[in-house]
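Participant: Protein chains in written order, with the numbering used here: chain A, 6 to 184; chain B, 36 to 154.
One or more of the hints may lead you astray.
To be verified - In silico DMTMM-like pairs for lysine to aspartate or glutamate, Cα to Cα no more than 20 angstroms straight-line:
(1) Lys134/A x Glu78/B
(2) Lys118/B x Asp108/A
(3) Lys47/B x Glu145/A
(4) Lys90/B x Glu118/A
(5) Lys90/B x Glu145/A
(6) Lys118/B x Asp114/A
(7) Lys134/A x Asp133/B
(8) Lys118/B x Glu118/A
Simulated from the structure, these hints should not be mistaken for laboratory data.
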Amino acid sequence: MADKKTTGALSRRRLLAGAAAGGAALAWGGVARADDYDFSGNPFRDRFQTFRQTFRVEPNREEAERIVRAIVRGRTPLPGVVTVIAPDIAENGAAVPVTIKVDSPMTADDYPELVHLIALENPFPEIAKYRFTPACGVAEVTLRCRMRTSAPLVVVAEMSTGAVGVTERFVEVTLGACS
Amino acid sequence: MAARKDQKRRLKIVPATARKGDIVTIKTLAEHEMEPGVRFNPESLVVYPRFIINKLICRYNGREVFVADWFSGVSANPYLAFKLRAEESGTVEIEWVDDYNQSTFARTEITVTDDATTG
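In isolation and in its complexed conformation, chain A is listed as follows (with noise of 0.2 angstroms):
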């Protein structure tokens, strides 16, 4: 039954991959489950990341979904906020080329305190975490990302009054990376 709900979830949510921003982000607020969290507050597969693994680890997309919602907690996305620019066919998954902007005035209480970048189909889903502070300015990052599969990129951006924007991003990878 749970599984099942699971899949009813998945499906329209590549369904709203290809819409509004808005629509994307609603699919991952509000929906904090008692698994979702360990039990020092961090997404579960990011624990592996703390140390140099050395075994070998297949892509899990509930896995990679739950850490979602472990940064999420729960916190309705504000639309919007986060706009992502990325191919739609990336014929090199190994290096995908990614820009993130994130809408935040930039002052000394209002900015963006940590943006996470996360390929949902990927080993190691999360790739890469990014902490601006008003200095910059401007809240915007360009980076080359690896990606194993067609899958969408979810960018969370949580702010520093709370707030938390969520957008999706589907990408097709035409040969994909190692990772």
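Start from chain A and add chain B according to the hints.
Facilitator: Showing chain B alone in chain A's frame:
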């Protein structure tokens, strides 16, 4: 294991001369293989251990203004560009920290002219 000498670290500020309050772009590139820790030798099945740059710190006149935490999903030879508000002339320093806690640095100067002097 020290950082390899043949792997260059690049840092560029565009534009290098700005007026106070302008937004400049900082472009960084580190040459690094970024071994993700999930690849393995198909014959021996031994997994190559993770070896990545896990942290990038930007300091503007000694003050931390931007920090990036990287995991194995960042591409090889990681490129990163971000914005900075020009406040005063000085040094912009980028520090890359790898899995062996070895740091490499790149520094460059930024020149900031006041609105009053440029008219």
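Participant: All the hints need checking, so say for each whether the structure fits it.
Facilitator: Status of the hints after comparison with the structure:
1. Lys134/A x Glu78/B: With Cα atoms ~35 angstroms apart, lysine 134/A and glutamate 78/B exceed 20 angstroms; violated.
2. Lys118/B x Asp108/A: holds, 13 angstroms
3. Lys47/B x Glu145/A: Within the cut-off at roughly 16 angstroms; holds.
4. Lys90/B x Glu118/A: Between lysine 90/B and glutamate 118/A the Cα gap is close to 16 angstroms, so the pair holds against 20 angstroms.
5. Lys90/B x Glu145/A: Holds, at about 18 angstroms.
6. Lys118/B x Asp114/A: Within the cut-off at roughly 19 angstroms; holds.
7. Lys134/A x Asp133/B: holds, 16 angstroms
8. Lys118/B x Glu118/A: With Cα atoms ~15 angstroms apart, lysine 118/B and glutamate 118/A stay inside 20 angstroms; holds.
Hint compliance for this structure: hint 1 is the single one not met.
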